[in-house]
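Line by line, the protein sequences are chains A and B. For reference, each letter of the first sequence is one residue, going 1 to 525 in full-length UniProt numbering. For reference, each letter of the second sequence is one residue, going 1 to 525 in full-length UniProt numbering.
Errors might be hidden in some of the hints.
One copy or two, it doesn't matter: identical chains are merged, so the pair holds either way.
No farther apart than 25 Å at their CA atoms in a straight line, the calculated lysine to aspartate or glutamate pairs in the DMTMM-like style are these [as the list claims (entries may be wrong)]:
#1 Lys28 with Asp280
#2 Lys71 with Glu135
#3 Lys28 with Asp100
#4 Lys495 with Glu439
#5 Lys167 with Glu335
#6 Lys362 with Glu378
#7 Lys472 with Glu190
#8 Lys23 with Glu304
#9 Lys72 with Glu118
#10 Lys72 with Glu273
#11 Lys167 with Asp280
#12 Lys28 with Glu160
#13 Lys158 with Glu398
#14 Lys522 with Asp465
#15 Lys250 with Asp280
In case anyone wonders, no lab produced these hints; they're calculated from the structure.
There are 2 protein chains.
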Amino acid sequence: MADTIKMQTGQVAIVRNEAFVGKAEALKPVLLEEALKAARIVEVVADAQAMHGWRAREAAPAEALQEREYKKGDAVVLDFGDHRVGYVSFDVRPVGSPPDAPLKLRLTFGEMPVEMAEPFSSYNGWISSSWLQEEILLVDVLPARISLPRRYSFRYLKLEVLDTSQKYRVAFSDVTVRTVTSADTSAVIELSHPDPVIREIDRVSVKTLQDCMQDVFEDGPKRDRRLWLGDLRLQALANYETFRSDDLVKRCLYLFAAVPDELGRVTANLFIEPSLIADDTYLYDYSLFFAATLHDYAEATGDEETMRELWPLARRQVELGLERLDETGVVRDEESWWAFIDWHESLNKQAPAQGVLIYTLKRAIAMAERLGCESATELTARLAEVEAATLARLWDSELGFFISGADRQVSWASQAWLALAEVLPPEDNQALMLRLLAESPDIGPTTPYMYHHVVEALLLTGCRDEAVAMLKQYWGGMLEDGADTFWELYDPQDKSFSPYGSHLINSYCHAWSCTPTYLIRKFGL
Amino acid sequence: MADTIKMQTGQVAIVRNEAFVGKAEALKPVLLEEALKAARIVEVVADAQAMHGWRAREAAPAEALQEREYKKGDAVVLDFGDHRVGYVSFDVRPVGSPPDAPLKLRLTFGEMPVEMAEPFSSYNGWISSSWLQEEILLVDVLPARISLPRRYSFRYLKLEVLDTSQKYRVAFSDVTVRTVTSADTSAVIELSHPDPVIREIDRVSVKTLQDCMQDVFEDGPKRDRRLWLGDLRLQALANYETFRSDDLVKRCLYLFAAVPDELGRVTANLFIEPSLIADDTYLYDYSLFFAATLHDYAEATGDEETMRELWPLARRQVELGLERLDETGVVRDEESWWAFIDWHESLNKQAPAQGVLIYTLKRAIAMAERLGCESATELTARLAEVEAATLARLWDSELGFFISGADRQVSWASQAWLALAEVLPPEDNQALMLRLLAESPDIGPTTPYMYHHVVEALLLTGCRDEAVAMLKQYWGGMLEDGADTFWELYDPQDKSFSPYGSHLINSYCHAWSCTPTYLIRKFGL
Numbered sequence: 001m002a003d004t005i006k007m008q009t010g011q012v013a014i015v016r017n018e019a020f021v022g023k024a025e026a027l028k029p030v031l032l033e034e035a036l037k038a039a040r041i042v043e044v045v046a047d048a049q050a051m052h053g054w055r056a057r058e059a060a061p062a063e064a065l066q067e068r069e070y071k072k073g074d075a076v077v078l079d080f081g082d083h084r085v086g087y088v089s090f091d092v093r094p095v096g097s098p099p100d101a102p103l104k105l106r107l108t109f110g111e112m113p114v115e116m117a118e119p120f121s122s123y124n125g126w127i128s129s130s131w132l133q134e135e136i137l138l139v140d141v142l143p144a145r146i147s148l149p150r151r152y153s154f155r156y157l158k159l160e161v162l163d164t165s166q167k168y169r170v171a172f173s174d175v176t177v178r179t180v181t182s183a184d185t186s187a188v189i190e191l192s193h194p195d196p197v198i199r200e201i202d203r204v205s206v207k208t209l210q211d212c213m214q215d216v217f218e219d220g221p222k223r224d225r226r227l228w229l230g231d232l233r234l235q236a237l238a239n240y241e242t243f244r245s246d247d248l249v250k251r252c253l254y255l256f257a258a259v260p261d262e263l264g265r266v267t268a269n270l271f272i273e274p275s276l277i278a279d280d281t282y283l284y285d286y287s288l289f290f291a292a293t294l295h296d297y298a299e300a301t302g303d304e305e306t307m308r309e310l311w312p313l314a315r316r317q318v319e320l321g322l323e324r325l326d327e328t329g330v331v332r333d334e335e336s337w338w339a340f341i342d343w344h345e346s347l348n349k350q351a352p353a354q355g356v357l358i359y360t361l362k363r364a365i366a367m368a369e370r371l372g373c374e375s376a377t378e379l380t381a382r383l384a385e386v387e388a389a390t391l392a393r394l395w396d397s398e399l400g401f402f403i404s405g406a407d408r409q410v411s412w413a414s415q416a417w418l419a420l421a422e423v424l425p426p427e428d429n430q431a432l433m434l435r436l437l438a439e440s441p442d443i444g445p446t447t448p449y450m451y452h453h454v455v456e457a458l459l460l461t462g463c464r465d466e467a468v469a470m471l472k473q474y475w476g477g478m479l480e481d482g483a484d485t486f487w488e489l490y491d492p493q494d495k496s497f498s499p500y501g502s503h504l505i506n507s508y509c510h511a512w513s514c515t516p517t518y519l520i521r522k523f524g525l
Numbered sequence: 001m002a003d004t005i006k007m008q009t010g011q012v013a014i015v016r017n018e019a020f021v022g023k024a025e026a027l028k029p030v031l032l033e034e035a036l037k038a039a040r041i042v043e044v045v046a047d048a049q050a051m052h053g054w055r056a057r058e059a060a061p062a063e064a065l066q067e068r069e070y071k072k073g074d075a076v077v078l079d080f081g082d083h084r085v086g087y088v089s090f091d092v093r094p095v096g097s098p099p100d101a102p103l104k105l106r107l108t109f110g111e112m113p114v115e116m117a118e119p120f121s122s123y124n125g126w127i128s129s130s131w132l133q134e135e136i137l138l139v140d141v142l143p144a145r146i147s148l149p150r151r152y153s154f155r156y157l158k159l160e161v162l163d164t165s166q167k168y169r170v171a172f173s174d175v176t177v178r179t180v181t182s183a184d185t186s187a188v189i190e191l192s193h194p195d196p197v198i199r200e201i202d203r204v205s206v207k208t209l210q211d212c213m214q215d216v217f218e219d220g221p222k223r224d225r226r227l228w229l230g231d232l233r234l235q236a237l238a239n240y241e242t243f244r245s246d247d248l249v250k251r252c253l254y255l256f257a258a259v260p261d262e263l264g265r266v267t268a269n270l271f272i273e274p275s276l277i278a279d280d281t282y283l284y285d286y287s288l289f290f291a292a293t294l295h296d297y298a299e300a301t302g303d304e305e306t307m308r309e310l311w312p313l314a315r316r317q318v319e320l321g322l323e324r325l326d327e328t329g330v331v332r333d334e335e336s337w338w339a340f341i342d343w344h345e346s347l348n349k350q351a352p353a354q355g356v357l358i359y360t361l362k363r364a365i366a367m368a369e370r371l372g373c374e375s376a377t378e379l380t381a382r383l384a385e386v387e388a389a390t391l392a393r394l395w396d397s398e399l400g401f402f403i404s405g406a407d408r409q410v411s412w413a414s415q416a417w418l419a420l421a422e423v424l425p426p427e428d429n430q431a432l433m434l435r436l437l438a439e440s441p442d443i444g445p446t447t448p449y450m451y452h453h454v455v456e457a458l459l460l461t462g463c464r465d466e467a468v469a470m471l472k473q474y475w476g477g478m479l480e481d482g483a484d485t486f487w488e489l490y491d492p493q494d495k496s497f498s499p500y501g502s503h504l505i506n507s508y509c510h511a512w513s514c515t516p517t518y519l520i521r522k523f524g525l
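Please take these sequences and the hints and turn them into a complete structure.
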């Protein structure tokens, strides 16, 4: 292409398409803002029954704050009443003598009570501590209105006076968050459903999606605040049932399409600031999802022009996916982080990745046919080979499960993804999912992301009651455990589970957890 | 006065003179700026012979910085080659993969190597830790140019990477300080003197004054960054011999004059931002210095108009000073912090305060006579009474020293101030100062502020050689110990002395230490 330039980032050469960058830029949304006050003063107390062992209880109404005085070592926790994403500002004034030394404050933002209770200095996980939402401020001139330049994702804010001087104290007032989102809530049709639990799960799903919708679909507004393809696919599906910010999906597709590598691979995630950069992380499933997401977008919007323009890159992802097949027609397994699928330490990725490949191949063929491309015929032929290979190599008819990897692992992920891929005939596919529930193999789902695929596979195979039960049990469990927005990680058997080494760093408003609204509305649950 | 309003700050009612505020505002100087780069990379190493036990030695030229990469836990110390006051900015760029987590940095600014070597978390003094110059920054978008909004006073800057992520490191470049001062160095005549030590003491005095000259005369650009009357008086004297920013002295006089309390007392110090506020600290000697500083200003500038306008308030300070005399004509002593004089825990303030009163009274009389005021006669009569009372009550002819307080303390401060007050005949005054040097009573000077008054008393009494020797020994000692600017505190016998509980919090560029240039130039040393 004439309008592309090559850029070297890390070890990967990127072929940048400026026309696509321009299209994405033109679709950049305006952020909607709302100024909201702190709702109340709370105390965070130990409670063995509460999530992480901590519960916030009301200590005083928010109005009491301005009357209170804080000296060195004092702290107060404010509760904003619900999950917020935005920019915080507040007034601070001296009490006593004129302030004869700077004021030193620590601000701690938390989505969950645990972030107010357990010191961030105790964090010892393997991903960066810089995700912990904390600021240390030195204020030279008082009184002052402090406006923090960084965006935070939180419900709770701890204001902590690290030092004043012996001559003065401080008082806080008008603690405000200017929330930001590109999601227009007026576009969402309220769910009319007789089951209040389903209604609440839907409401919190929509709120989760809303808080992740910024100038791109972010995975989580606390962490990583970034556009990941695996999250985008699910956010887009939820969006078509709710906000209908379809241009934001289109923008994100063009952003991914603008920076493939020289092989044509689409990156797993993008950095938007200071300029568009493809991360040097490539995941087998995520690259394929570029095609699946494009398919879903065209289905939902009828935007054939975009489909046509991005089709060559979508087809390329499928070709690259097929290139990974070994001589027997099964994707080559590997020790490294080559596919995501789920956060499970022992999960073998081969069979679920095979499922993602077939799932995507079918959608690619649908696009090729719609566009009248010759490649439809070739892809259809390849599909048949791959499906045959899957049954020959990965289906264990004695076990009645798909197996994965050299150790023939039987996991939930393998069954769910190969059910979604519809390799088996419908009745066998349903039997597979019911067998999965009945036998419940050890290697289970660990994230809402994987639970989503299990529930969707149940719905696809006609196991509606089981799907509803699982949805209510899993996402409803989060609600019972205090979720204002749905969490990145939730293992009912191990509620402090974190793949990062600490629950402090988990994201408690995470895009891939927002899908119940899609499942409920799309499938009419 | 019609143009005054009363304000209540703390327990003190302030009578605000808006006309004076306006005059001071009109004299606000423009700050001169200069962009300066870091000079080199240094290591701070333990050295028992060095000040505080730490010495900075060159590790690499400054240009090497941009080639170096820093990961979590790494740090680098930059040396700006001399003392700087201003605003710091630098470039930071990621190295490796795109930065997938915020960058967390700690910046530590130090006037002395010890501030780079001893962690601020070890500080346990009684004044606020918020004076320690440290910032913790979280940077969301890289590369970035970081421009810190606060002003720092430093020679050394430690850049410390608290966290990045496992995927990237950072590199720093173009670390720059935009220095600020209202002092115009081109106005200073270079000292021509055969003694290189005297030349160097003069140069560093001028640099110290320069760095303290901002939109007011600050006591220290690190701490307290505030306009104190005791410092102003000495800065003004040094200024008349060097920068001749006489309007800045005038501005400061009007600022003090704008906010006396309802008794007419002038505060010991002022806050300028966010608006002019009189601190609720009142010190006997500092209030009197309003009159002395006005006298010196008028002497240096011939500005009789200002003298005339501020004279009523100057006279009022003398009246208030006289009101503190007991029935025998000696200032009433007290346990509390009623006069400053010097940072010496055991120093009794009575006799030195008596000296300050007489010293000021004589200058007030000179002003009254110049202005043709009737009060000259009355003040002259009071002076005779006070001098007689001083000799009767405070002079111990057996000891040959002035004594102070109920315990008849013999201190350097008492002798120096009563010598400066010229209570004794000239030959006795000289004998007093020589006796002071010979017998060296235990309660000695602890600050350059007090040393200044001892040296000036020696010069006044004709002990020129002794004055030069002390000046070279004391300020020259600071130079030998590594001073770039003269320090707030320096006790050659206890080099870690701090009245605040830690040498980390001392100010190492302090206005009251800048007087050698005045002593050298005014007295033609």
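Against the structure, the hints come out as follows:
1. Lys28 with Asp280: Classified as within; 24 Å inside a copy, 54 Å across copies.
2. Lys71 with Glu135: both (18 Å within a copy, 21 Å between copies)
3. Lys28 with Asp100: This pair counts as between: shortest inter-copy Cα distance 22 Å, intra-copy 47 Å.
4. Lys495 with Glu439: The answer is within: 23 Å in one copy meets 25 Å, while 77 Å across copies does not.
5. Lys167 with Glu335: Between copies only: 19 Å across, 62 Å inside.
6. Lys362 with Glu378: The answer is within: 12 Å in one copy meets 25 Å, while 108 Å across copies does not.
7. Lys472 with Glu190: Within one copy only: 19 Å inside a chain, 84 Å across chains, cut-off 25 Å.
8. Lys23 with Glu304: Answer is within: at 16 Å inside a copy they meet the 25 Å cutoff, but 72 Å across does not.
9. Lys72 with Glu118: both (20 Å within a copy, 23 Å between copies)
10. Lys72 with Glu273: For lysine 72 and glutamate 273, only the inter-copy Cα distance (22 Å) is at most 25 Å; the intra-copy one is 38 Å.
11. Lys167 with Asp280: Between copies, since 10 Å is at most 25 Å while 53 Å is not.
12. Lys28 with Glu160: Answer is neither; intra-copy 37 Å and inter-copy 36 Å both fail.
13. Lys158 with Glu398: neither (57 Å within a copy, 66 Å between copies)
14. Lys522 with Asp465: Intra 15 Å, inter 98 Å, cutoff 25 Å: intra-copy only.
15. Lys250 with Asp280: So lysine 250 and aspartate 280 pass the 25 Å test inside one copy only (22 Å; across, 63 Å).
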